[in-house]
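In the order they appear, the protein sequences are chains A and B. The opening residue of the first sequence carries number 1 in the working numbering; numbering runs sequentially from there. The opening residue of the second sequence carries number 153 in the working numbering; numbering runs sequentially from there.
Treat the hints with care, since some could be wrong.
[To be verified] Residues from chain A that face chain B, not an exhaustive set, calculated with beta carbons under 10 Å:
#: 1; residue: GLU32
#: 2; residue: LEU42
#: 3; residue: PRO52
#: 4; residue: GLN54
#: 5; residue: PRO63
#: 6; residue: GLN71
#: 7; residue: ARG72
#: 8; residue: ARG108
#: 9; residue: ARG109
[Stated by the list, open to error] If you want the footprint, here are the derived chain A segments under chain B, 3+ residues with CB under 8 Å:
#: 10; segment: 15-22
#: 11; segment: 92-103
[What the hints assert, rightly or not] Listed next, the stretches of chain A that the computed footprint assigns to chain B, with coverage defined by at least 3 CB atoms under 8 Å from CB atoms of chain B:
#: 12; segment: 33-41
#: 13; segment: 56-62
Treat the hints as calculated values from the structure; they're not laboratory data. We treat Cβ as the ideally placed atom computed from N, Cα and C, and that holds for glycine.
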Amino acid sequence: MSAPAAAQPWSRLSPQEQRILSPLQHDWDRLEPQRREKWRGLAQRYPRMSPPEQERLQQQMRPWAELTPDQRRAAREQYRSFQNLPPEKREEFRRRWEEYQRLPPEARREYANRPPLRDGGGRMYYPGPPPRNPDGSPRVYYPAPSGPPPGR
Amino acid sequence: MTTHDDDFARKVTGYLDQGTASMRAGTAYRLQLARQQALERLHVGQTVEQGELAGALAGAGATTSSGGGGRSFWLSGKLWLGILLIAAAGVGYQQYQSWQAAREVVETDAQILTSDLPIDAYLDRGFQNWLKQDDR
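Between the sequences and the hints, there should be enough to build the whole structure, so can you do that?
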C-alpha cells in the first residue's frame, strides 16, 4: 500500500473500513501514516475472522492504539515468545492468567510494583506446573504486610 | 618545359589514347573496377589512420585503463542500462523487504488483538513477577 493511499483521512475511508475501525474514529486523523496503514491492513483481515475474533478485535482496538510504541513492541515480542511455547505450556499460561486475575487488587499492585523479573535473555517467563496446596487446591500468594520482598 | 618536350608528351598521349580507344569493353570494365577498388582501399586506409590518431590523442588524457577504447566503454549505453537495472533491482528488493516486515507486524497485531488472552497478559509486569515467584 503506497504512503499517500495509507494517509487517507477518516472521511475518505470506505464505509466498511469506517465500520470496522469505528473505535479509532476520533483519533484516526492524528495517527501517523504508517499506523493508519497497519490498521487498514487489519481491517482487510476482519472479514476472514470468526465472529468472536471480530468482537475481540473491536474491544481491544482502542487499548492497543493507546499503548506507546515501546509497549506495542514489547507485547509483540512477548506474544511471539508465547507462540513458541508447546501447546501444553500455552494452556498453562492461560490458566495462570485467570488465576492471577482472582488475586485481590492490592496483591496484583504489589507484584506490579516490583522490579521486573526476567531470565538471562530478557524473555518472557513461562510457568512450570502450578504450585498446589497439600489438598490439591491452587496455591495463592499474598504480599507480606511489611518487610522486604522475598528473594531480595 | 621545352618545345621538344611538349612534342614528345603529345605523341605519348596520342599513342595512349589510340590504345584505350581500341580496348575491348570487358578489359576497360575490369580496369575501371580495379581502379575503383584501389581508390576505396586508399580511402579506408586514410579513415583508419585518422581514427588511430584521434584515439592516441584522447588516450593521452583518458582516465580508464582500457587506453584508446576508454571513452567508448563509459559512453556505452549498455553499460549504463546494466547499472540502472542493478540499482532498480536493489531498490525494489529493499522495498519488498520493508513491505514484508510491515505485513508481518500487521499479522502479529491481528493475532494479538484476536487472541483469547487480553493485551495485559503480555504486558503485565505484576503477572510476570507472580509467575516467577510462584515457581520458586
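How the hints compare with the structure:
1. GLU32: violated, 13 Å
2. LEU42: holds, 6 Å
3. PRO52: The hint holds - PRO52 (chain A) has a Cβ within 10 Å of chain B, the shortest such distance being about 8 Å.
4. GLN54: It holds, given that the least Cβ distance between GLN54 (chain A) and chain B is near 8 Å, below 10 Å.
5. PRO63: holds, 6 Å
6. GLN71: holds, 6 Å
7. ARG72: Holds - the Cβ of ARG72 (chain A) comes within 10 Å of chain B, reaching about 8 Å at its closest.
8. ARG108: Result: holds, 5 Å to nearest chain B Cβ.
9. ARG109: holds, 7 Å
10. 15-22: violated (count 0)
11. 92-103: Per the Cβ count (6), the hint holds.
12. 33-41: holds (count 4)
13. 56-62: This one holds; 4 residues, not fewer than the three required, reach chain B with a Cβ under 8 Å.
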